[in-house]
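Whole structure, please, built from the sequences with the hints as guidance.
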Amino acid sequence: MRQTRMSLRSMPRFRGLCPSRLNPICVELGVRTAIALNADVQQRSAFDRKHYFYADLPSGYQITQQYAPIARNGCLVLEKDDVAVRIKQIQLEQDTGKSTFLPRNRLTAIDLNRAGTGLMEIVSEPDMRSPEEAGSYVRALQAVLRSVGSSDGNMEQGSLRCDVNVSVNRVGGPPGTRCEIKNLNSVKNMMVAITCEAFRQMALLDQGIPVTQETRGFDEEKAETYSLRSKEDAPDYRYMPDPNIPPLLIDKGYIDAIRRKMPELPTATRARLLDQGLSERDVDVLMDVDSGREVGFDGELGRGAVAYFDQVSRGRDPKAAVNWITHELLGQLAFRNETFTDNPISVEQMGELIDLVQNGKVTGPQSIRLRGPGGDIDHVSATGTSGKTILRHILSTRTPDLPSTIAEELQLLTVSDDGASLEKWCRDAIAALPEEAEVVRRGNVKVVNKIMGHVMKASRGTAKAQDVRAMLLKLLQS
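My numbering applies: residue 12 is where the sequence shown begins, and numbers increase by one.
Because the hints were derived from the structure by calculation, they are not lab data.
Please note that a few of the clues may not be correct.
Said to hold, decoys possible - Here are the computed lysine-lysine pairs in the DSSO-like style, where the Cα-Cα straight-line distance is at most 27 angstroms: (1) K461 to K372; (2) K199 to K109; (3) K485 to K461; (4) K457 to K485; (5) K372 to K435; (6) K330 to K91.
Computed from a prediction, not measured in an experiment: that's the story for all the values here.
Here's what the structure looks like:
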């Protein structure tokens with residue numbers, strides 16, 4: 012069983028009055044998550060008080076939903092691992108303070124800034140059999156939560172935390188005693204912690220020492236788990252109904268209204284993009300960009316790469332659109348240390364730029380097949396293109412002008428004269444690179460790529476790569 016906790020992206024609505032004890036936005040985000048995880052939303056749920064006396068809980072009790080959660084019986088399918096992880100329940104509760112154990116000093120630091128804020132806990136059944144499956148589960152869960160706006164899923168910032176229950180048993184033997192590892196803050200650390208705890212328990216069993224049920228922490232520096240406290244069972248927490256919060260009644264019409272507004276889930280998005288002929292790599296890039304989208308406090312999502320691609324590719328070749336977005340646009344943004352959120356290029360600008368390239372009015376990234384003397388084929392990319400120049404110009408100036416206007420102003424339209432300019436550029440390039448020219452004359456046509464780069468630079472990307480190659484070979488082989 013695994014407990015995955017995420018801070019709900021919501022703020023109380025005061026409106027000049029004392030706030031109600033139950034934030035309606037938290038309820039909506041909980042229902043969204045339940046629908047996305049194929050869980051049964053309970054039309055009646057209730058809140059309990061979980062009593063314990065730890066330094067991270069000043070009130071002495073935590074409001075939770077132990078016995079009547081907001082949703083039950085969900086499922087998350089891990090397609091790559093061919094595993095279906097059952098979701099036992101989804102519950103709304105209060106967050107506690109943050110405890111940071113300092114192993115060297117044997118002290119625990121307490122941060123109460125988050126104590127009392129809204130939290131959603133997803134409890135899974137023990138269906139994962141390895142650290143790798145656990146990692147796949149958390150990554151898939153992150154994608155779902157981000158897609159519906161329940162959480163940004165950022166583990167490093169504490170928006171998502173995992174409590175992991177680990178147990179081992181001999182082949183054919185009964186289930187072993189489980190130990191819980193608390194508040195793991197990254198997928199990598201979680202997988203390492205599971206591995207370390209499994210080896211610790213196996214070492215104990217090999218020595219004939221029984222495993223004690225307890226709550227443990229994880230020391231990242233030493234890569235080992237350490238004991239925090241003995242693990243209580245339900246009677247130790249003295250659960251009781253919360254007297255201040257009445258049962259939560261959710262109308263079926265409310266659930267249906269949220270279901271109708273649900274966004275496309277990651278699995279469906281991936282299948283749709285692959286059906287358009289995109290490669291697995293390109294789909295991964297688009298969806299990875301979306302995994303970093305901002306999630307508003309009311310669950311509203313920031314601008315996404317998939318939605319941007321959908322708009323740009325409408326009525327155009329999807330492969331051309333994804334190439335410009337994933338290779339050219341994202342590459343330039345990364346070079347500038349910017350994220351997709353900072354992208355100033357509108358859908359209209361990107362669409363027109365692709366159209367100009369497709370229609371041959373400006374040059375774009377091109378791949379040319381060169382056959383050498385031995386019959387081998389080499390693919391050469393023309394990198395100094397006028398299309399890229401226009402893209403960089405928009406990114407640098409943040410201009411709202413359309414690419415056609417920019418191409419005219421910067422004289423970047425494709426050369427279409429009688430070939431005099433192209434021949435001059437090619438002759439100048441041959442003169443500037445005599446050694447490479449001689450190698451091409453001897454039959455090694457692969458080297459023509461370097462001379463082509465010189466021509467593309469001289470033409471400021473306005474010459475078509477195929478025309479440049481043809482002219483160079485004509486001059487060098489005549």
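The hints, checked one at a time:
The hinted pair formed by K461 and K372 meets the criterion: a straight-line CA distance of about 24 angstroms does not exceed 27 angstroms. Pair hint K199 plus K109 holds up; C-alpha atoms about 20 angstroms apart against a cutoff of 27 angstroms. Between the alpha carbons of K485 and K461 the distance comes to roughly 16 angstroms, so the proposed pair stays at or under 27 angstroms and holds. Of the supplied pair hints, the one linking K457 and K485 holds, its CA atoms being roughly 15 angstroms apart against a limit of 27 angstroms.
Distance hint between K372 and K435 is fulfilled; the C-alpha atoms sit about 21 angstroms from each other, no more than 27 angstroms. At roughly 24 angstroms between alpha-carbon atoms, K330 and K91 fall within 27 angstroms of each other, so this suggested pair holds.
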